[in-house]
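Peer 1: The hints should help you fit chain Y onto chain V, whose structure is shown.
Number of protein chains: 2
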Amino acid sequence: MLADFEKVEAEDKDVLKADIKELKERLAALPQKLRDKKIPVLVLIEGWAAAGKGSLIKELISELDPRFYNVVSPVIVPEKESRYPFLYPYATAIPENGKILFMDSGWMEDIIRKYLHREITKEEFKRRVRAVNEFERQLRDGGYLLLKIFVHIDKKEQYERLESLTANVETEWRVTDEDLWQHREYDRFLDSYDNFMEKTDDIVPWHILDGSRRKMAVRDVLKLLVEGIEDVLEEGRYVGEPFEEEFPLREMPALADVDLSVTISDDEYKEKLKKLQKRLSELHNIIYRLKIPVVLCYEGWDAAGKGGNIRRVAYPLDPRGFDVCPIASPEPHELNRQYLWRFWTRLPRSGHICIFDRTWYGRVMVERLEGFCSEKDWQRAYNEINEFERQLTDWGAVVIKFWIHIDQDTQLARFNDRQNTPEKQWKITDEDWRNREKWPLYEVAVNEMLQKTSTKNAPWYIIESNDKQYARIRTLEIIVKALEKACEEHFARKVCKE
Amino acid sequence: MLADFEKVEAEDKDVLKADIKELKERLAALPQKLRDKKIPVLVLIEGWAAAGKGSLIKELISELDPRFYNVVSPVIVPEKESRYPFLYPYATAIPENGKILFMDSGWMEDIIRKYLHREITKEEFKRRVRAVNEFERQLRDGGYLLLKIFVHIDKKEQYERLESLTANVETEWRVTDEDLWQHREYDRFLDSYDNFMEKTDDIVPWHILDGSRRKMAVRDVLKLLVEGIEDVLEEGRYVGEPFEEEFPLREMPALADVDLSVTISDDEYKEKLKKLQKRLSELHNIIYRLKIPVVLCYEGWDAAGKGGNIRRVAYPLDPRGFDVCPIASPEPHELNRQYLWRFWTRLPRSGHICIFDRTWYGRVMVERLEGFCSEKDWQRAYNEINEFERQLTDWGAVVIKFWIHIDQDTQLARFNDRQNTPEKQWKITDEDWRNREKWPLYEVAVNEMLQKTSTKNAPWYIIESNDKQYARIRTLEIIVKALEKACEEHFARKVCKE
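The listed protein sequences correspond, in order, to chains V and Y.
What the first sequence shows, in numbering that gives the first Met the number 0, is residues 0 to 497, in sequence order.
What the second sequence shows, in numbering that gives the first Met the number 0, is residues 0 to 497, in sequence order.
Hints were generated in silico from the structure; no laboratory data involved.
Treat the hints with care, as some may be off.
Stated by the list, open to error - When the alpha-carbon atoms are kept at most 30 Å apart in a straight line, the in silico DSBU-like pairs for lysine-lysine are as follows:
{"hint": "1", "chain 1": "Y", "residue 1": "Lys-467", "chain 2": "V", "residue 2": "Lys-32"}
{"hint": "2", "chain 1": "Y", "residue 1": "Lys-98", "chain 2": "V", "residue 2": "Lys-290"}
{"hint": "3", "chain 1": "Y", "residue 1": "Lys-467", "chain 2": "V", "residue 2": "Lys-423"}
{"hint": "4", "chain 1": "V", "residue 1": "Lys-480", "chain 2": "V", "residue 2": "Lys-269"}
{"hint": "5", "chain 1": "V", "residue 1": "Lys-467", "chain 2": "Y", "residue 2": "Lys-467"}
{"hint": "6", "chain 1": "V", "residue 1": "Lys-16", "chain 2": "Y", "residue 2": "Lys-426"}
{"hint": "7", "chain 1": "V", "residue 1": "Lys-455", "chain 2": "V", "residue 2": "Lys-79"}
{"hint": "8", "chain 1": "V", "residue 1": "Lys-23", "chain 2": "Y", "residue 2": "Lys-269"}
{"hint": "9", "chain 1": "V", "residue 1": "Lys-277", "chain 2": "Y", "residue 2": "Lys-290"}
{"hint": "10", "chain 1": "Y", "residue 1": "Lys-290", "chain 2": "V", "residue 2": "Lys-113"}
{"hint": "11", "chain 1": "V", "residue 1": "Lys-113", "chain 2": "V", "residue 2": "Lys-12"}
Given the structure is predicted, the values throughout are model-derived calculations rather than measurements.
Just chain V, with the same shape it has in the complex (with noise of 0.2 Å):
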């Protein structure tokens, strides 16, 4: 792509300036339009130091009122200090509906700096670029219009630009160590950003540009933004269809075939308690000075014992190394994003534990059945949990889901104690019982999320409930065995590298 990019031919200055106002022109009405339709625009400007992407963006912004756009320029964390998955600073910044952000370098700059400063593997970069065409597909099937711009400038601009910064006093600071380390190193990068455009130009194309003609930059630019901006306006808000893609995946039981008569001695409980929580006490000690992030997460039937089983897990924690995340309805600032944000966001660092009391899977359950998003929507979401949840395993999260499971009779009689006993009421709404009506819906939606989804990587497990105390001895034994694993696997990996 970059390899055999030639350089524009210089154009007439008169028509490129009357392109550019007519362009800018165009540009300045589009942007309530957008909001109309509660379309987002990440424009991606990747490109080589010195290239002019500040400038460029510049010119971008100056006819749009400040109400519609936001200008980030992230900032690359060196790997031995970022504590999150490496999209974590690009997936908490994407736009809401309505609005437009540019993102000066982001994802690819990051990646490629670090795979240059080997700071991670050849099969890290391959996870890598995996993950980024799965995220911005996941952007484009939300919804978002997303525009991938690489400034180009050869070898020598490059240098011409670095000495003319670095003469002067007021400008030299802008000239990094790592900006002359590249330019030392122009030809690896070249070779590295070739092939990772190369690799992710399929979903989202990538749009080059000479920046060694700045006019001509500028007005291909705003050309690239004003057409792809009326292109969505006309067509519509564009909703991705369901996709296939292969996981490794776990066999799971139906549901109506679990056998939920199983149970435990007040005794055995109590011992088996006090022996699980503190050797998960002590786990935690040691996930934390490993650096394991933990990610648990709990659905089940209303009334099947989360909030207990959730307590028990929680109370032999540290309380500064793990958050409990309830997760209500979306806000009306979670709903103006693509719907994993709200999940990005409320990631653990790592080494602390995250406990999601109700998780991303709303989207295939009650999102699918109230008609909270579309048909689309919750059919590719499967697939689109899956490679977060990757994602996520892939960083060196513990991933474990929990489905606390009771039978309708159970429920029938919890739901009832709730309502006659004064303390618990407020556990007990007029929702739940229109929820216990839908039964057989969500069985369904249940039995189809636990058969798609349950990956070898991040597996369900179905948890016996209607006995609390054999439900919560499980989840112990599950969450315990796990992360002796992960601390082993982590020992071993640490040998093999000595």
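Peer 2: Just chain Y now, with coordinates in the frame of chain V:
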């Protein structure tokens, strides 16, 4: 306070156990009531390293439903690396209505550690103590239940605990160099804690617990929390009274006395615009390099020309170093917190410019006139805002506030123009017409605001904007002058230090 703290006598174990059980049960019933009454609770737990703050929090949350609380352990960012006001990590972390936040060390430890490390001067220490009192009062007056706990152990006890932690490989890493340093400097810490607590005890009082009596400490903190919450539930959410505070103010003319006939010729405009934008661009480089934060506030009549004015200021700036923050009506998650929270979260990093298109002054204008807050709330706000802005300028920020001013006839002409020009129609809404009818009421509110909040450190400028071009030149001149002054002062301070 601490110096004369006497160790408490041991109490009967069985009684303690029963007390704790009873208090935990009472506590478990309270969160849903807090939620119903929309009262937020912040429990700050300070204390010595190894005093058992974490275990205390563990006990406090053991019976709480995770939907109702959060635990945070803010990381103390070294002064040199900090890009925000020192209160930023705490002011942005406050809980929303109906939630309990447990903070494991907070602003007190932050200030004292930096003071003892000589990262901040004695004078800065005093300023921070003042800011803490302001911050705590603002929370209290804004309806927060704030509980401040200090867990105390003596030097001998601390030695034994640190020793036993370091003796175990699984807990050894928990003892940081900072902790060991604190132990060596125990006496200096004791003095500083004591001093700090005495100076911050009047508005929200401290509660000292004897950390060497673990069970008793648990009982005491449970008691404080349960009784504190029960009291506030009975008395209802607190609304603070307006209060007097002296700020050095600049004299401001009444809006009616401003001469709006001033104009500028097209030629003079173009020439000055170019010059000022060039100068602003240079200054942006300098303030970026010197890490001076800049907060520009725009308020003004509808159709006064704020948008166009902001665009002229933004145009010469490097998009990587500034943000425009348009302030619309607060979203639910913003309404659910102290009203300044949504501005704290939008503050620029040091070295960056943030242009607020409408600001926190909404409190004393639209919120006052539309009854979105109580009379006490907006009357208190003048001084609360003065305090907030002083915290910004103490941090080193340049804070400039513009009232973009026009007369009623000009507004009418511009409204009509918007109504009659298809591309501009989106800019005019029914609400604009309704607000126009309230012009006299707004004029009273604006005059009062200008009189009460034009402090020397964060002055208001009334910008005559019947001639928009004149207004743009005026704001640019004021900004350029203020930034030049800030840079000069920065260098002067540097020379003094050397």
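Peer 1: Each of the hints needs a verdict: does it hold here or not?
Peer 2: Outcome of the hint check:
no.: 1; hint: Y:Lys-467 - V:Lys-32; in the structure: 26 Å, holds
no.: 2; hint: Y:Lys-98 - V:Lys-290; in the structure: 29 Å, holds
no.: 3; hint: Y:Lys-467 - V:Lys-423; in the structure: 62 Å, violated
no.: 4; hint: V:Lys-480 - V:Lys-269; in the structure: 19 Å, holds
no.: 5; hint: V:Lys-467 - Y:Lys-467; in the structure: 70 Å, violated
no.: 6; hint: V:Lys-16 - Y:Lys-426; in the structure: 28 Å, holds
no.: 7; hint: V:Lys-455 - V:Lys-79; in the structure: 27 Å, holds
no.: 8; hint: V:Lys-23 - Y:Lys-269; in the structure: 20 Å, holds
no.: 9; hint: V:Lys-277 - Y:Lys-290; in the structure: 48 Å, violated
no.: 10; hint: Y:Lys-290 - V:Lys-113; in the structure: 27 Å, holds
no.: 11; hint: V:Lys-113 - V:Lys-12; in the structure: 40 Å, violated
Checked against the numbered hints above, the structure breaks hints 3, 5, 9, 11 and satisfies the rest.
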